[in-house]
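**Student:** Take a look at the letters that make up each chain.
6 protein chains.
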Amino acid sequence: MFTDLSEEDLSSYRSRQTLPDDFAEFWDRTLADSRSHGSSVEVTPIDAGLSTIDVYDVTFSGYGGDPIRGWLRVPAGASGPLPTIVQYVGYGGGRGRPWAELFWASAGFAHFQMDTRGQGGNWSVGDTADASGSAGPQFAGVMTRGILDRETYYYRRLITDAVLAVEAVAGMPLVDASRIAVRGNSQGGALAMAASALSSRVRASASVVPFLSDFPRATVITDALPFREIGEFLKIHRDKAARVHETLRYFDTVNFARLSTVPTYFAAALMDAVTPPSTVFAAFHEHRGPKEMTVWPYNGHEAGDVDELPRMLEFFRRELDL
Amino acid sequence: MFTDLSEEDLSSYRSRQTLPDDFAEFWDRTLADSRSHGSSVEVTPIDAGLSTIDVYDVTFSGYGGDPIRGWLRVPAGASGPLPTIVQYVGYGGGRGRPWAELFWASAGFAHFQMDTRGQGGNWSVGDTADASGSAGPQFAGVMTRGILDRETYYYRRLITDAVLAVEAVAGMPLVDASRIAVRGNSQGGALAMAASALSSRVRASASVVPFLSDFPRATVITDALPFREIGEFLKIHRDKAARVHETLRYFDTVNFARLSTVPTYFAAALMDAVTPPSTVFAAFHEHRGPKEMTVWPYNGHEAGDVDELPRMLEFFRRELDL
Amino acid sequence: MFTDLSEEDLSSYRSRQTLPDDFAEFWDRTLADSRSHGSSVEVTPIDAGLSTIDVYDVTFSGYGGDPIRGWLRVPAGASGPLPTIVQYVGYGGGRGRPWAELFWASAGFAHFQMDTRGQGGNWSVGDTADASGSAGPQFAGVMTRGILDRETYYYRRLITDAVLAVEAVAGMPLVDASRIAVRGNSQGGALAMAASALSSRVRASASVVPFLSDFPRATVITDALPFREIGEFLKIHRDKAARVHETLRYFDTVNFARLSTVPTYFAAALMDAVTPPSTVFAAFHEHRGPKEMTVWPYNGHEAGDVDELPRMLEFFRRELDL
Amino acid sequence: MFTDLSEEDLSSYRSRQTLPDDFAEFWDRTLADSRSHGSSVEVTPIDAGLSTIDVYDVTFSGYGGDPIRGWLRVPAGASGPLPTIVQYVGYGGGRGRPWAELFWASAGFAHFQMDTRGQGGNWSVGDTADASGSAGPQFAGVMTRGILDRETYYYRRLITDAVLAVEAVAGMPLVDASRIAVRGNSQGGALAMAASALSSRVRASASVVPFLSDFPRATVITDALPFREIGEFLKIHRDKAARVHETLRYFDTVNFARLSTVPTYFAAALMDAVTPPSTVFAAFHEHRGPKEMTVWPYNGHEAGDVDELPRMLEFFRRELDL
Amino acid sequence: MFTDLSEEDLSSYRSRQTLPDDFAEFWDRTLADSRSHGSSVEVTPIDAGLSTIDVYDVTFSGYGGDPIRGWLRVPAGASGPLPTIVQYVGYGGGRGRPWAELFWASAGFAHFQMDTRGQGGNWSVGDTADASGSAGPQFAGVMTRGILDRETYYYRRLITDAVLAVEAVAGMPLVDASRIAVRGNSQGGALAMAASALSSRVRASASVVPFLSDFPRATVITDALPFREIGEFLKIHRDKAARVHETLRYFDTVNFARLSTVPTYFAAALMDAVTPPSTVFAAFHEHRGPKEMTVWPYNGHEAGDVDELPRMLEFFRRELDL
Amino acid sequence: MFTDLSEEDLSSYRSRQTLPDDFAEFWDRTLADSRSHGSSVEVTPIDAGLSTIDVYDVTFSGYGGDPIRGWLRVPAGASGPLPTIVQYVGYGGGRGRPWAELFWASAGFAHFQMDTRGQGGNWSVGDTADASGSAGPQFAGVMTRGILDRETYYYRRLITDAVLAVEAVAGMPLVDASRIAVRGNSQGGALAMAASALSSRVRASASVVPFLSDFPRATVITDALPFREIGEFLKIHRDKAARVHETLRYFDTVNFARLSTVPTYFAAALMDAVTPPSTVFAAFHEHRGPKEMTVWPYNGHEAGDVDELPRMLEFFRRELDL
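Protein chains in written order, with numbering that gives the first Met the number 0: chain A, 0 to 321; chain B, 0 to 321; chain C, 0 to 321; chain D, 0 to 321; chain E, 0 to 321; chain F, 0 to 321.
Hints may be right or wrong, so weigh each one.
Simulated pairs of lysine-lysine, DSSO-like, Cα-Cα distance not exceeding 30 Å [unchecked claim]: (1) A:K290 - E:K290; (2) B:K239 - F:K290; (3) A:K239 - C:K290; (4) D:K290 - F:K239; (5) B:K290 - D:K290.
Non-contacting residues of chain D with respect to chain B, defined by C-beta distances greater than 12 Å in every case (computed) [unchecked claim]: (6) A75; (7) G76; (8) R178.
If you are wondering where the hints come from, they were derived from the structure by calculation, not from laboratory data. Being a predicted model, the structure only gives us computed values, none of them experimental. For each residue, glycine too, the CB sits at the ideal point set by N, CA and C.
I would like the entire structure built from these sequences, with the hints used as guidance.
**Tutor:** Encoded structure:
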């Protein structure tokens, strides 16, 4: 059943999230700090058992210089420079196995799948620690890790990783630095939006059922995890709701959308309880660049899934001139 | 319904967990390292609104010198030295509010309730960060935080805190250092057992439905959280089961029981799916000191709850000469 | 997630429950009948194992002269007269154990915890029979016990007990009869409201997420027990809906609020499905005395729980001059 | 899935329930007391809208002389005396509507459906109060009503009603007093067994998935209601398990089976969690008269349902010479 | 709790389903095709073990000439012609056992219970194959069997059976062809509405919580099966939503209501999630004949159940002159 | 938690399923009948948007000559003959989208993914009708479609399709007919086992958590779908259990294993409730060829998932000389 507003109401809904005056400043400072740790990229070929695709194990410098892993996949024998898609992973997952997620490289792109610090213990494996993280009291998961202060919040580190991934990839010989796009579903869609807002390298973005969007509404209209992690924390830390919401303003997909001018493919699903469609439309309406939205009426958080691929393929071919 | 073996089978069940040769050495080294950061204790009186009980906010040096919080409650006007109970909290919870948990001080004890690093975001608030923690990929919660190596595992830090809490308390004027007991339910019961094994200060212990016990069996006979966090991690990290179980040997309540000679009150519940009774009996059977066991046939993980208090009170009065 | 109206709509919502013309008359007659059975109070000191608090086992005459139990707790050695809080228990529970619920006595009040006739078989024990009760067909629980007639309805007896508890307490030497307040959560909050409406002895009341409020709406907007007991009964007794609702008018917290002029502390929780917030606001808006309302946005039926205590403590200290 | 032992183990399983020495004495006294209130029977024809069946509204004297209701259905125009089936209802239900349950009268029997005192608020309506009942603390439902003493236990009253129903029916002109059988499913099956043990009037009995059987095992091997009501009560009243089980010995279907010599049709279902098959076999094995057992392998508590009817019809025709 | 609109909103709600121009033509052609296979009816008396009712096993020619089964029940010894009720069964069920469903024959009607092709494997047995059915990809159940084309959709066959059942019955000597009514709950209510729209033989109809109504709304406002089968299919066959809804226009109860002028008894239940009340009111509002509506406020999909019978009996007696 | 026997007991468990004397005869006749309809294969290249893999849409003659669809994927530009893997899909799914499932072609194989007649309406789309199927009464899904007779049972048709798929593939120029393997998970694993038993073309097989195995045990030890479909059918069709089990003997994976001598890779998961591990071991123990078994201790029905691929890749490379 529909989990949220009707389609008409979605088209007119606007988030009441506000943009902090020092939002851009906060992120400029954050990125500058991390860049100051230097940037190293290691790219090592591995044998994934495939004959049509080459796979590389990548380590680059993320937030605070922490080593972040990823897989780079390209058509076998390609020497570049190739149009490139940087992909971010959904909540709980990591970069997975090298022999999985073969679509984008099979379609002719360089495909970089970034690992997710401290996640990767659920549904798909990861290999990256949240090394610089220190955590106050938290509810299970990462949604409330360090949430009492924007400086210590988990997503400050992960979003920085996402931006630096684009920069790391841009320096690789296999990659055409002028033709880089980002994409992701759910948490991955939030990171794609953030990267498109914060990195001038990004030329297109696909943000499917993006997460972390419209916290003031999202935290009260659904019981589904992971938004609910925040509610569970505030259920006990009753005196910290305002402080938590002040932190979240700096990480809301709605606010990154307000800074992004990159052509963006959105998708929302009307039976989605994880990222209810109004929270996706909240970001869509604020986005300042060219945009298109696919609405899946009978889907939940899986949205278009395998049927989203040809639509995104067409979008990326057009935007990256492939 | 009963969730585990019959009472007869429980009485004969023995864990197949093994004790590492260097178990004691590992813990000696760990404690020595943390003690080398020095030991500071701050004790600040606060107004909890109570007239019959005085409450103090305590900060002491835990693992790696990290500041660990706790509440000390004593009968109003007491100047000590008092028989003292150090209490550890169950999974997910923190030290809670100062005006809660009034039983032990109302019964005449000094009562120290230790906070739980990085937890305290669920069911009862906490105020202590897991500051020295660095985490690889993990499933939600702390059960798999750093689990790939005994050196980085979360419980290495928390158990060290539990031991150092006893030492910190022993130095307070309100406390009679020769009359200290420990207690806890579930995770708290595991910490009580560990403290009783690792600290010569502990004179008695109450370990009610202790958690972290008998991992080889516990991780496959229940779907209940938090044991299931380990199974969820291994469901994805299929190649790391042996490594994870090698780590867990150093943290298994069964192995602490093998080192403990302190008089101990145990309780198990026959309808408990969280810490199934066979895992509690596993520790009970290995424990090397005087011991007694209460079995609650119609209870789940709440075990004796409020009805456990008079039994423990009688036990502690006897063991601590109150 | 929010289970009911938005905060704006809550502030303007008004119940469509109506006040029967003979409401006051019905209750005057009921109380007079029960008082005519005479009033005996027994107060027996017991050993609860505590050194800072004295506990007494109390039996007083309730509805129809039935013996009703309770615990009286006072600071150790107090001889009175003390400001006093009469506490009523939530649905399914009884007065519990003497060594539990130590907050109010520890804060300097005489604290009387009334048992709940015929309940006390769930979550906290009771010791009081519903001796004068006769029951027609009913759904499990007490919500439909005798519901076909206001004369036989279970809550006629329990509310009478609640009023007579105040009168019984007022006659005790430890109690300052001019400084008595009532409090309770859920069913206890409903009883507190009823006692504040029906007894001139009550000087203040705290009614947290009060139950039994706004039956016409409550029985159709939630599936949660115990409101649902009524719906389950009417699901089968399809021809008795009007008769049942006619009975319920005499027991609706909304109607007691219309008669109460006592300073009252209210609390509602926006994620509460047991007593949905509109039903709490329904009573709040009708209440005729000084009032304050705490709204807990991220809580369910637990509402403020341990964090409600300091707020109520401040309220009662002010209202009872402690 | 199978909820209990394998068929082989069921055939050898024996209950560890024990028969009290004064079991028969207790019931003789109980029945004698109730009979001393005198016995009145009212039989009033009603219009149920049917042309092939006549329906009568019956009121007879049950436990303590309480008025108990029932429906009598006979083939239209029958003047008797007819072979008769007294039917008892399952847990929570009452006698239902007069125009329902037409099978037995349509098959040529007089069919008396006894109402269930104080139940009838769930799945089928009832019209009979538990008038003489007084209740201590209890969990929702009737399983723990008055359970602390055999004298006050709810089932003392209901079983007495069941026996007196047979006696009341035997005096009606439409009924052939020498051809009376009893039947019921679940709670009804328990009452049928009790009536067959306690009344010399009963010539045959069908006890399908009988409830109240083998309490020591039943209360620990299933989470399903209503057996679980007892466990929920003991979960809180931890100190009363022995007392509760002492009461239950006087009401266990196993013990009635030990006294019954009446030809009995049993049925058990291997996927039944409400009355797990071992508890049914427990009664079957102890039963002292001619007996047959139908085992339904793929059924839950519905057992044979509509397919049980022709089997019972054949059984009753044979035993009652129809 | 209420699952849909308030009563006020239900009274003004109108479906946005549209009536295809060739709706009548489609059904005329469909019925003509099936009639062209010839019509044979077999009526065989069976022994159901009953003395007041005679039961016949019937086979008639349905869609495509397929043999369709049914039970005919009449008062014992009746030779007709009798006023007759044709009953259709709810989703998943078949005609059941001959000795069940005795109400209508006991009330003096001839009662024909039609089997449901290819169903009858759930809750009540069936004996009729969906012989002429060929099925493309489908979700479990019959809701999406052949749904990509109105010609192959399952309900084209079943609705044809329902119409031909009326014609078959009309030719039996026991039946008064001028006094035939139809009835059914849920799927049975949809079939009753369709038969009343498509057959001139039908003189009255009772359509209780009719299913298959208002597909555009029904498929998005409930998660309950069987409407959800369509959503599950479209969740995967994302590109076929328009095609599926085009098919469904020819089978929507709303559209049959637009063609029906027969006196009709409706019922809706306000807590029904299976056929939410707005979908029932959608059909009610479009119905073109005399009509009445019973609203059950505290019921789910069972609606009036046994209490619906006397209301329908009165309705049918009036409409069929019994 | 473990859903079945311990690993020791699994290693000694043997199914009590029996092999019908005419099992081979039944299948020989069935295959011969279908082959007599002639064999046509259409192979049409399509644009799946991929540059490294060529995809062909295939239609071949299955059971009764019905047209069965499939995807053939090969490395881009390959002209064959290639070692080939025929893959069968799990329950409810179809062949899916052409651009999905790229692993095997990327690893250098020709990869044929057969569609599943009449399924493909759940989790992955299908395009093949169950055209020759006629169905008696059935429970939702295909498990009970035509189950009353081995001639009409759904799996007679699907297994025939699976065997004929191998034959169809063997005739394609891109395929090396001497190097064909089969594989599948769950239902796909059952089809792989059947094909390996019935087709002399198959050189190796991977049967991961194979379904349809050990019906006598499987239908009573799990509540999980789809085995439960059979139990749900028998719950109502109580009189047909023997007949249903007689049919199932001809389709039990255990019996196909008894006929298969092909090198086979098995996998079982100890937390699998869908195909409980004992049912997988039942087939493993009976299999008559070279075999290996991977046991996944912490997995459910997903078993090795992405981590199974390298193991199977190694197995198939070895067996097919790639």
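**Student:** Do the alpha carbons of A:K290 and E:K290 lie within 30 Å of each other, as the hint requires?
**Tutor:** The given pair, whose Cα atoms are some 51 Å apart, is violated under the 30 Å limit.
**Student:** If I take the minimum Cβ distance from D:G76 to any residue of chain B, is it greater than 12 Å?
**Tutor:** holds, 52 Å
**Student:** Please verify that the nearest CB of chain B lies beyond 12 Å from D:A75's CB.
**Tutor:** The claim stands: D:A75 keeps its Cβ more than 12 Å from every Cβ of chain B (closest is about 49 Å).
**Student:** Against chain B, does D:R178 keep a CB gap of more than 12 Å to every residue?
**Tutor:** With a cut-off of 12 Å, D:R178 remains clear of chain B, as the shortest Cβ separation is near 42 Å.
**Student:** Quickly compare the C-alpha distance for B:K290 and D:K290 to 30 Å and report which way the hint goes.
**Tutor:** Roughly 51 Å separates the two Cα atoms, so the pair is violated.
**Student:** Holds or violated: are the alpha carbons of A:K239 and C:K290 at most 30 Å from each other?
**Tutor:** holds, 25 Å
**Student:** Just to be careful, I want the Cα atoms of D:K290 and F:K239 compared with a cutoff of 30 Å; is the pair within it?
**Tutor:** holds, 25 Å
**Student:** Below or equal to 30 Å on CA atoms is what counts here, so check B:K239 against F:K290.
**Tutor:** Answer holds: B:K239 to F:K290 is near 25 Å, not above 30 Å.
Checked against the numbered hints above, the structure breaks hints 1 and 5 and satisfies the rest.
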